[in-house]
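Go ahead and model the full structure; you've got the sequences and the hints to work with.
The chain contents come next:
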Amino acid sequence: MKISILVNEGPYQHQASDSAYQFALAALESGHEVPRVFFYHDGVNNGTNLTTPPQDDRHIQKRWSALAQEKGVDLVLCVAACQRRGMVDEGERDRNKKDATNVADGFRISGLGQLIEAGIESDRLVTFGD
Amino acid sequence: MKISILVNEGPYQHQASDSAYQFALAALESGHEVPRVFFYHDGVNNGTNLTTPPQDDRHIQKRWSALAQEKGVDLVLCVAACQRRGMVDEGERDRNKKDATNVADGFRISGLGQLIEAGIESDRLVTFGD
Amino acid sequence: MSTLNIINKSPFEKRTLDQCLSRISKDDAVILIEDAVVVAMSGTSYDSQLKTATADKKLYVLTPDLEARGLADRSLLDGLTAVDYKGFVALVTEHDRVHSWL
Amino acid sequence: MSTLNIINKSPFEKRTLDQCLSRISKDDAVILIEDAVVVAMSGTSYDSQLKTATADKKLYVLTPDLEARGLADRSLLDGLTAVDYKGFVALVTEHDRVHSWL
Amino acid sequence: MEEEYSGGVEKKFIYINRRVPHGTAYAIESLETVLIGAAFDQDVSMLFIDDGVFQLKKDQNTESIEFKNFSKAYRALEMYDVEKLYVETESLQERGLSADDLLVGVEMIDRARVNELIDQQDVVLSF
Amino acid sequence: MEEEYSGGVEKKFIYINRRVPHGTAYAIESLETVLIGAAFDQDVSMLFIDDGVFQLKKDQNTESIEFKNFSKAYRALEMYDVEKLYVETESLQERGLSADDLLVGVEMIDRARVNELIDQQDVVLSF
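Residue numbers (this note's numbering), protein chains in the order written: chain P, 43 to 172; chain B, 43 to 172; chain R, 244 to 345; chain A, 244 to 345; chain U, 60 to 186; chain S, 60 to 186.
Note that these hints are calculated values from the structure, not bench results.
Hints should not be assumed to be uniformly reliable.
What the hints assert, rightly or not - Simulated pairs of lysine-lysine, DSS-like, Cα-Cα distance not exceeding 25 Å:
{"hint": "1", "chain 1": "B", "residue 1": "LYS104", "chain 2": "R", "residue 2": "LYS329"}
{"hint": "2", "chain 1": "U", "residue 1": "LYS127", "chain 2": "R", "residue 2": "LYS329"}
{"hint": "3", "chain 1": "A", "residue 1": "LYS301", "chain 2": "A", "residue 2": "LYS329"}
To be verified - Pairwise CB distance ranges, derived in the manner of DEER restraints:
{"hint": "4", "chain 1": "U", "residue 1": "GLU125", "chain 2": "A", "residue 2": "THR324", "range": "46 to 56 Å"}
{"hint": "5", "chain 1": "U", "residue 1": "GLU153", "chain 2": "B", "residue 2": "ASP98", "range": "49 to 59 Å"}
{"hint": "6", "chain 1": "A", "residue 1": "SER285", "chain 2": "B", "residue 2": "GLY114", "range": "37 to 47 Å"}
{"hint": "7", "chain 1": "S", "residue 1": "ASP159", "chain 2": "A", "residue 2": "GLU337", "range": "37 to 47 Å"}
{"hint": "8", "chain 1": "A", "residue 1": "ALA333", "chain 2": "R", "residue 2": "ASP299", "range": "49 to 59 Å"}
{"hint": "9", "chain 1": "U", "residue 1": "GLN152", "chain 2": "P", "residue 2": "GLU112", "range": "51 to 61 Å"}
Claimed, not checked - Short, incomplete list of chain P residues facing chain B, as computed with Cβ under 7 Å:
{"hint": "10", "residue": "MET43"}
{"hint": "11", "residue": "TYR54"}
{"hint": "12", "residue": "GLN55"}
{"hint": "13", "residue": "HIS83"}
{"hint": "14", "residue": "ASP84"}
{"hint": "15", "residue": "THR90"}
{"hint": "16", "residue": "THR93"}
{"hint": "17", "residue": "GLN97"}
{"hint": "18", "residue": "ARG100"}
{"hint": "19", "residue": "HIS101"}
{"hint": "20", "residue": "GLN125"}
{"hint": "21", "residue": "ARG126"}
{"hint": "22", "residue": "ALA142"}
{"hint": "23", "residue": "GLY148"}
The beta carbon of each residue, even a glycine, is placed where N, CA and C say it ideally should be.
Structure below.
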């Protein structure tokens, strides 16, 4: 089955992002596809490559990036949410005249259409939030 | 009176940061001092200079930065929260080997001691969160 | 000695207002801000609970948040006082401490 | 046609579980995850409300979240089934849609 | 993006709105999703239950809190062919509101019918 | 930083903990604040009410969810001279717990006494 995931909260503040990750792993291990994880609202903050969590703690962003690289999961950050929360890739940097980028490998910024598309093309859509 | 403020949530997702700002303005207009606003938890995300909110919407970060510049309010981002959420100044960039900085003018990163100090030195501490 | 308690969530969504009211004393005050303003008007199903509280405690509601939710023209529950942000600041200074129920 | 409902907040804190149970039908299922697991054991004051629900609906609780809160060794409420993440995934596939009550 | 789906799958999407507006961003972000999603020619319903009914309250004035007043955009939904707006009767009543307080025409449904409506959907998006 | 305050003001701080641990970061962030704050030689109390009592539950095992298990750190509070830990009796009972379920020794107080305790404080930090 194709199971896509919607993540509404950022890392370390709410368990939502952790739950979504554990769920995605279990879905893959159960033989399902996870075509896309869409990050909306504060969820876009999962994609920043500027975190330095304590060394004895999980590294949420790196875990997501590894899932993209190793399992081909498409990690999409909502562009409107990114603009309000300060997530910037090269395109956004040039467009909005910012001095830096902070989107980690494996994540890409795109529109809300990608969420609707995931709803249409997946058999299930599961939301994790606050 | 000295009234310090604690902000626990980031911009645009919860009203907390807006309420804190309106409260700070009203306190200053009423003749009180606002020595410090301490940003904890997701609140540290208020300090990013990478946001581009819609043009017809309020610019939360710029409003805070103006408060620091015009009224001398000390805007402090909790360092531990910054590390978990990806807020980086030059010191943090060098220390944690990051490629970018994203702390806006008027904000500084410091320790939780600054929150305790605000509690000790202010007549009131008012918290805005989720 | 008295405390100003801040409530910012709708009592239809979260139990913070219940939990606050079950513990504070008659010298304390409560201000409803943000989404908590939705129970400030008479006629809601939370009406009687709040009336009990106003019998011996001071309750306030933040006008700008009422306006934002289209409720500024409704009649407030008896015993509730509307304040603007400056009134909110004054309440903070008039009480000995502030407790935000998050 | 049936729905898997996800609840992730403690019913002592938020009313989502009440609001969910007041609307779903007997073909639907509910899984308690994250902070919602705190009402999975017998002996809480939420006990009877949940027992009513288990009488005609399927209720599940996520084991890793029970463990994290030190509740894995408590006896679960009758009619509640503990599942791990793979069990959670299976529930998602067995129902026609998923509704997260946020 | 619309073209990709013009001859493709049509699914039934329901947006479930349960929060007071402005205290959190869910109301505005739900609306933005619906408006963008309209381009995909899916079957879209919006359901307002619990505190979500306040999103449709008339006379919202966000000037003092300096927020965008997006509430008028609910009236524009029709132009995007989003015409199925449902409000739960009990949620309105519990909050001291009636259909006259709402800024758009909606279909009122009883609590008992909410599950029936959700049961017809393919995708549930909750805000 | 400690020196700054060695001869200075001493205030009464209370940390009020009301959330289930792990679902949100409030529990761990409260604990971190208390530990850092200990250096300031203030009068510190920690109060656990409502779902906050779960923070002190024995046998927390966060291995499967891959979280740091910080619950043992409550036992270290004593070394930081944080010795006033209060738990509300009614909160425990409503949740089917008793004092034996807690991983540290605490003072049990009735709901009626909670306000009395808060009334003695200068600064309230709520998590």
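Structure-based check of all given hints:
no.	hint	verdict
1	LYS104(B) with LYS329(R)	22 Å, holds
2	LYS127(U) with LYS329(R)	22 Å, holds
3	LYS301(A) with LYS329(A)	17 Å, holds
4	GLU125(U) with THR324(A): 46 to 56 Å	49 Å, holds
5	GLU153(U) with ASP98(B): 49 to 59 Å	34 Å, violated
6	SER285(A) with GLY114(B): 37 to 47 Å	57 Å, violated
7	ASP159(S) with GLU337(A): 37 to 47 Å	39 Å, holds
8	ALA333(A) with ASP299(R): 49 to 59 Å	54 Å, holds
9	GLN152(U) with GLU112(P): 51 to 61 Å	52 Å, holds
10	MET43	31 Å, violated
11	TYR54	4 Å, holds
12	GLN55	5 Å, holds
13	HIS83	6 Å, holds
14	ASP84	5 Å, holds
15	THR90	4 Å, holds
16	THR93	4 Å, holds
17	GLN97	11 Å, violated
18	ARG100	11 Å, violated
19	HIS101	10 Å, violated
20	GLN125	4 Å, holds
21	ARG126	4 Å, holds
22	ALA142	4 Å, holds
23	GLY148	15 Å, violated
Violated hints, in rising order: 5, 6, 10, 17, 18, 19 and 23; the structure is consistent with all others.
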